[in-house]
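Chains R and H are the protein sequences, given in the same order.
For the first sequence, counting from 1, position 397 maps to 397 in my numbering; every step adds exactly one.
So the number in my numbering is just where the residue sits in the second sequence, counting from 1, plus 1000.
None of these hints come from the bench; they were simulated from the model.
Among these hints, one or two may not hold up.
Stated by the list, open to error - Taking lysine-lysine and the BS3-like style, the derived pairs with C-alpha atoms no more than 30 Å apart in a straight line are:
id: 1; chain 1: R; residue 1: 184; chain 2: H; residue 2: 1319
id: 2; chain 1: H; residue 1: 1127; chain 2: R; residue 2: 156
id: 3; chain 1: H; residue 1: 1127; chain 2: H; residue 2: 1117
id: 4; chain 1: H; residue 1: 1127; chain 2: H; residue 2: 1205
id: 5; chain 1: R; residue 1: 184; chain 2: H; residue 2: 1205
id: 6; chain 1: R; residue 1: 156; chain 2: H; residue 2: 1063
id: 7; chain 1: H; residue 1: 1063; chain 2: R; residue 2: 184
id: 8; chain 1: R; residue 1: 156; chain 2: H; residue 2: 1205
id: 9; chain 1: R; residue 1: 156; chain 2: R; residue 2: 271
id: 10; chain 1: H; residue 1: 1319; chain 2: R; residue 2: 271
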Amino acid sequence: MSSPEQWTHPEPDAAPAATAAKPTAEQVIAGLRATDEGGADLVQLLTPEGERVTHPDFDIDITAEELRGLYRDMVLIRRVDREANALQRKGQLGIWVPLLGQEAAQIGAGRAMRQTDMAFPSYREHGIAWTRGINPTDLLGIFRGTDMGSWDPVEKRFHPYTIVIGNQVLNAAGYAMGQKFDGKVGDDEGEATMCFFGDGATSQGDVHEGFVWAAVYDAPLVFFCQNNQWAISEPTERQSRLPLYQRARGYGFPGIRVDGNDVLATLAVTKWALDECRHGNGPILIEAFTYRMDAHTTSDDPSRYRLSDELEMWKLKDPIERVKVYLVRQQWADSEFFDSIEAEADALGEELREFCTNMPDPPAERIFSNVYAEGNPNLEAQRDEFLDYVSGFAGGEH
Amino acid sequence: MAAPTMDRSTAAAPATPVQTLTISKALNLGLRAAMEANPKVIMMGEDIGKLGGVFRITDGLQKDFGEQRVLDTPLAESGIIGTAVGLAIRGYRPVCEIQFDGFIFPGFDQIVSQVAKLHYRTQGRIKMPIVIRVPFGGGIGAVEHHSESPESYFAHTAGLKVVSCSNPSDAYWMIQQAIDCDDPVLFFEPKRRYYEKGEVDTTAKPGPLFESRVLRSGTDATLVAYGPMVRTSLDAANAAAEDGTSLEVIDLRSLSPLDLEPVFESVRRTGRLVVVSEAPSESSIASEIAAKVQQECFYSLQAPVLRVTGFDTPYPPSKLEEEFLPDLDRVLHAVDRSLAW
């Protein structure tokens, strides 16, 4: 049995070496922002120059057709994003949350999912929505103010956008627990859940709790953090002293940092992670290292808080250009293909504009509809009184 | 060899339909009945498994239904509620236990941001059949954060339903009705009354969950209360009767939606209303009742609606809770003021 003497504090010179080697603030930031291609931790399969590289743990066989499909996804969702951004500028949308720069992270992750998997997005996941078969027009109502998401989350297996930062991480953990309780985990036919959140969300208690719950219940959940470097104006170093993927270790599950501007690497890592989860080896954290090329929302002004050379540096890592270069080099696509995708994007943009400008305002009854599943007589009386009031105006309309 | 002993946890099926139970035992049997009736009903909370909950309300359930249906969770209320949301989407009917009233606030965000709004946001495509059980109120000599009455926060939030039981029969039936409800229900349990006994008829299902009930008829004034203050109000009515004053006592049972028709009807006859609640009075359930009754019964009122409540302070140190909590004398004092108007 140890004596009380052994419980005394160690001498200062016996302190752990880590204390002496405490990194400076500059070193912390440099570590958080280390983006060198080929770095020890960043999983990358396609360089910004469009060169295919290998990775010892994560590789992927991809056909020309599959890669053309990923390219098409990214070009179309970028067009959706740019059109919606423009629609906001024209006053057709109240606000828009730009996706620009994060196309590879979302298309790679989204295309790794199966129909039976479930997705819990934040509010910038337009690319994920696209991969779940949701028409981009269904996203517009949220930002025009006509509804809160018009897709069927049960049918599409794509939860409504969540605006409160980090809430959906716990919701996803619960859903994944349900998949496990239902016996849907354990073999190749198993189900998994993916949860999407940003670097800023990792500071939220709900994300921490989501990590704890998923870990202790072995939930088949892939945490997909898109580290786009900025939580509105707060940089990653305001969220963490440690690269975000390394936090997973503290919860007892793997964390992987993938080049979020590399659709192949994102697809490969996410497929692996989902497969681990459906076989019962979850949860897993993926940090998709990427960059928000535009504002946080159309109400934001990033020129106030970040330098243009940072933006210029990330432009060189564009997720679409590198795939285009690779497709050309491989002779997997010609100008006819690229022109056809452009034409498709033009048509999609037009459809979006047309749809947006013709969206009707919802009827006044929408205020009161579906507040409760089983009704509420007091609310129904309030509704009736209001509708009666409205109907008193000329023409019976407000 | 020792004589076989009765295992309390498996003594669920009552030998006779009418039995005398404490509120705590009635809740335990009600939860058990709900779990037996529907395999999708699961319990979630801190210490609710092996320990049976700090008040033993879930006693024996994990033993009989297993760890997957009675989840001893990590210690984080947002986690309990937030994962219940996901489980509900998956088709489960989670019943969350919040250990004490003052601990619900870490889960407040998930309750008001997600639980309350998902049905509305998705226009009914996602239901939230979640029950959140909260042992609430004071009178047990506890340390701070263990005696609060936070029900008004939730009654103020659209999309939630809020109820409180006051006797064993309601405890047994209301918890099952709340679990059956497709809307999220905040279920406030009067912890100081957990060990009060009453008759429970396990075959005679009472009326709808979201309705108030007249417990005692009277002609001189009306008392409205819920949860722990129902007993106090009934005691006050008994005492008043000895002095020749006839008080009608109504148990609200449902705090959201409020079922005030019986209250209006009563006040139209008695002309006087005293609302009794141990929550602070400002912007509270009691305020809402006072406002609605003056709106609906203006010409019937013989006196202003009076409120007997806790004070607009944090819950005090327990040596002062006797002063803080409405008691029989404070209720009768208010009745006297009303009658003297």
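We went through each hint and held it up to the structure:
no.	hint	result
1	R:184 with H:1319	violated, 54 Å
2	H:1127 with R:156	holds, 16 Å
3	H:1127 with H:1117	holds, 10 Å
4	H:1127 with H:1205	holds, 25 Å
5	R:184 with H:1205	violated, 37 Å
6	R:156 with H:1063	violated, 38 Å
7	H:1063 with R:184	holds, 24 Å
8	R:156 with H:1205	violated, 40 Å
9	R:156 with R:271	holds, 19 Å
10	H:1319 with R:271	violated, 60 Å
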